[in-house]
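Asker: Just so you know, the sequences run in chain order A and B.
1 is the number of the first residue of the first sequence in the working numbering; add one for each residue after it.
1001 is the number of the first residue of the second sequence in the working numbering; add one for each residue after it.
Calculated directly from the structure, the hints in this document are not laboratory data.
Yeah, the Cβ is synthetic: ideal placement off N, Cα and C, and Gly gets one too.
Where hints are given, some of them may not hold.
Okay, derived cross-link-like pairs now, EDC-like style, lysine to aspartate or glutamate, Cα gap no bigger than 20 Å in a straight line [as the list claims (entries may be wrong)]: (1) LYS1296/B <-> GLU1246/B; (2) LYS1430/B <-> GLU4/A; (3) LYS1102/B <-> GLU1246/B; (4) LYS1430/B <-> GLU1221/B; (5) LYS1164/B <-> GLU4/A; (6) LYS1164/B <-> GLU1432/B.
Computed Cβ-Cβ distance ranges for the label pairs, DEER-style [claimed, not checked]: (7) LEU1020/B <-> ALA56/A: 53 to 61 Å; (8) GLY98/A <-> VAL1126/B: 48 to 56 Å; (9) ALA134/A <-> LEU1484/B: 53 to 61 Å; (10) GLY1104/B <-> LEU60/A: 50 to 58 Å; (11) PRO1017/B <-> VAL99/A: 16 to 24 Å; (12) PHE1467/B <-> ALA45/A: 17 to 25 Å; (13) LEU127/A <-> PRO1017/B: 46 to 54 Å; (14) ALA5/A <-> ALA1464/B: 36 to 44 Å; (15) GLY1008/B <-> LEU127/A: 43 to 51 Å; (16) GLN1240/B <-> LEU60/A: 51 to 59 Å; (17) ARG120/A <-> LEU1484/B: 51 to 59 Å; (18) ARG120/A <-> GLN1016/B: 39 to 47 Å.
What follows is the residue order along each chain.
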Amino acid sequence: MRFEADQVVGLVLAALGAGVMLVSRSYPAGRVGPGPGTLPFLLGAALFLLASYLVAAPFLGRSRGMAARKEEPAGSGRSWLNVVLAAILLAAYIGAIGVLGYPLSTVLFVLAHTVLVYRRSWKPGLLWGIGVAAGCYFLFSWLGVPLPKGFLLGG
Amino acid sequence: MDALASLGQGFSLALQPINLLYCALGVTVGTLIGVLPGVGPASGIALLIPFTFGHDPVSALILLCGIYYGAMYGGSTTSILANIPGESSSVMTAVEGFEMTKQGRGGAALGIAAFGSFIAGTLGVVALMAFAPSLARVAISFGEPEYFAVMVAAFCLVSALTGKSVVKGLISTVLGLLLSLVGIDPVSGIARFTAGRIELLDGISFLVVAIGIFAVAEIFENVETLLSPVPRFTRMSLRQMLPNLEEWRRSIWPILRGTVIGFFTGVLPGAGATIASFLSYAVEKSVSRHPERFGKGAIEGVAGPESANNAASAGSLVPMLTLGIPGSGSTAIMMGALMMLNVTPGPLLFREHPQVFWGLVASMYIGNVMLLALNLPLIGAFVQVLRIPYSTLSAVILALSCVGVFSLNYSLSDVWLMFIFGLVGYAMRKLEFPMPPMVLALVLGTRTERSLRLSLLLSDGSPAIFFTRPIPLAIFVAVALYFLYRGWRSLRARPVQA
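Chain A extracted, bound-state conformation (with noise of 0.2 Å):
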């Protein structure tokens, strides 16, 4: 049978609240009352609880209006691949701003951004980009934030 997305989630979540459930019980027990391990066991068992009726829903005849697939208005192979883009480009971003300091990777995310995912042209991407750079970069430097600087400002 084809699993719905709802009971693949089920599935995961079921398994992270078996998990945390065995990882509290390693905790020490508290002297009186409950100890570090209490709340996080329950909190698993809840978990497992719950995410086991995600999986059983469907076989109970209750999958309907558990999860009304929407269909995309766009293509929908393009907007998947557009989150994933967007998603590596962020990263990216992240990963560039230790090594080449925020300002430069800020208008080089800019650019990338408006013109990979949004296919824009590069003008409009790259002002936004040294504007957003240079505000952020001041604004923040003013409210006493080391940003990382990066080779450019030798820093």
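Based on these hints, arrange chain B on the given structure of chain A.
Answerer: Relative to chain A, chain B alone:
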């Protein structure tokens, strides 16, 4: 008159130039956020929290609340002019307001929305002023078992009301509570769920999660469709925005009813502005002598819901300030911000930091006047921000999210964590798990565990303590009855659905 004297002090605080500036900044940014589709108030508040660090808590709260109720004003503008609700609480406004625009009465719709918001916002603050201190006086006698019960009730209500599925809401709550446990346990000193990583010993900051699952995930979701609407607007003069006598006559009762509905809906955890506006619309349609006008540009359908969502934002501050229990994503984020500034909302706030409450109340009066003054003549200017293409705006928001999270601890690992929560938030949106319960649970998690532990210490470990004291017992029974009712109703509805 004790309250009047306190209010006077509040005004002297709120009228300080720096606080006036924060109020103006808050309501302006709030209006912009309200106008922009795809940027919600929760994201906006979370993004601006880093700017409040090192400031006075009163100023910080004035700024953040200004964004909150400012967004309720701004949300109506694009709904009426272009049928694009900036916020979910303006959906009903779009139904009637856009019809009015098509009939050439868009100006009046904008006007009544602004006046209704002003009246409801101001009356909402009056109600806040009247109810909050007395509720705090009751709450101050609460012991730990009572607190635990109230928090459990808040979690259950928020889980049940914010999403389509109660089970998913509860899962979201449980995940949020688990996240709040990450780090060193304050009682035993044991590191929990840190996977051996030093960065996690201090716990996961709610702001990292909030910016991730609200701001970043919002952008991932919008990127899917590459949506960037640039609607056309006709310029409108101030004159056109003044409703005529007939329109006033039809609107005044919906505004007042919307205020009452909105305020009390806002007080309930989990209900909030969106539900308030839907309720108000439904009420107006049912009491109207001309229900056939609804859907065809009935001004009552703009006046009621717009008033309701503004009153709701005042109402939702009541449980947050008096009990320390926020009832929505936005108020949970505000409460987290206050806690970062070493002010813990709750009944003690009124004794220990009365200036926070009265300064906020006074600033809300001022803010509502500012919003009216801003909104009527400057609507055209605000609408211009829609010319910024979403392609650029989204990149800017992402860059701001990164720098905001970085400024918390000057740590890039926080930014990575934010990225992960951005993906989690995107998955939650796609799978229809509601996000407010998770943020609420994360903000309240530590307090919940402390209440549970202290309660059970009082009773030598017996959970009977929750069922032998009257208030917790009543609360748990009420929650159980509510869930039984929900269960019974969905069982009954089943044959119809299938």
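Asker: Each of the hints needs a verdict: does it hold here or not?
Answerer: Checked hints:
no.: 1; hint: LYS1296/B <-> GLU1246/B; in the structure: holds, 17 Å
no.: 2; hint: LYS1430/B <-> GLU4/A; in the structure: holds, 13 Å
no.: 3; hint: LYS1102/B <-> GLU1246/B; in the structure: holds, 19 Å
no.: 4; hint: LYS1430/B <-> GLU1221/B; in the structure: holds, 8 Å
no.: 5; hint: LYS1164/B <-> GLU4/A; in the structure: holds, 17 Å
no.: 6; hint: LYS1164/B <-> GLU1432/B; in the structure: holds, 7 Å
no.: 7; hint: LEU1020/B <-> ALA56/A: 53 to 61 Å; in the structure: holds, 57 Å
no.: 8; hint: GLY98/A <-> VAL1126/B: 48 to 56 Å; in the structure: holds, 51 Å
no.: 9; hint: ALA134/A <-> LEU1484/B: 53 to 61 Å; in the structure: holds, 59 Å
no.: 10; hint: GLY1104/B <-> LEU60/A: 50 to 58 Å; in the structure: holds, 54 Å
no.: 11; hint: PRO1017/B <-> VAL99/A: 16 to 24 Å; in the structure: violated, 42 Å
no.: 12; hint: PHE1467/B <-> ALA45/A: 17 to 25 Å; in the structure: holds, 20 Å
no.: 13; hint: LEU127/A <-> PRO1017/B: 46 to 54 Å; in the structure: violated, 34 Å
no.: 14; hint: ALA5/A <-> ALA1464/B: 36 to 44 Å; in the structure: holds, 42 Å
no.: 15; hint: GLY1008/B <-> LEU127/A: 43 to 51 Å; in the structure: holds, 49 Å
no.: 16; hint: GLN1240/B <-> LEU60/A: 51 to 59 Å; in the structure: holds, 57 Å
no.: 17; hint: ARG120/A <-> LEU1484/B: 51 to 59 Å; in the structure: holds, 54 Å
no.: 18; hint: ARG120/A <-> GLN1016/B: 39 to 47 Å; in the structure: holds, 44 Å
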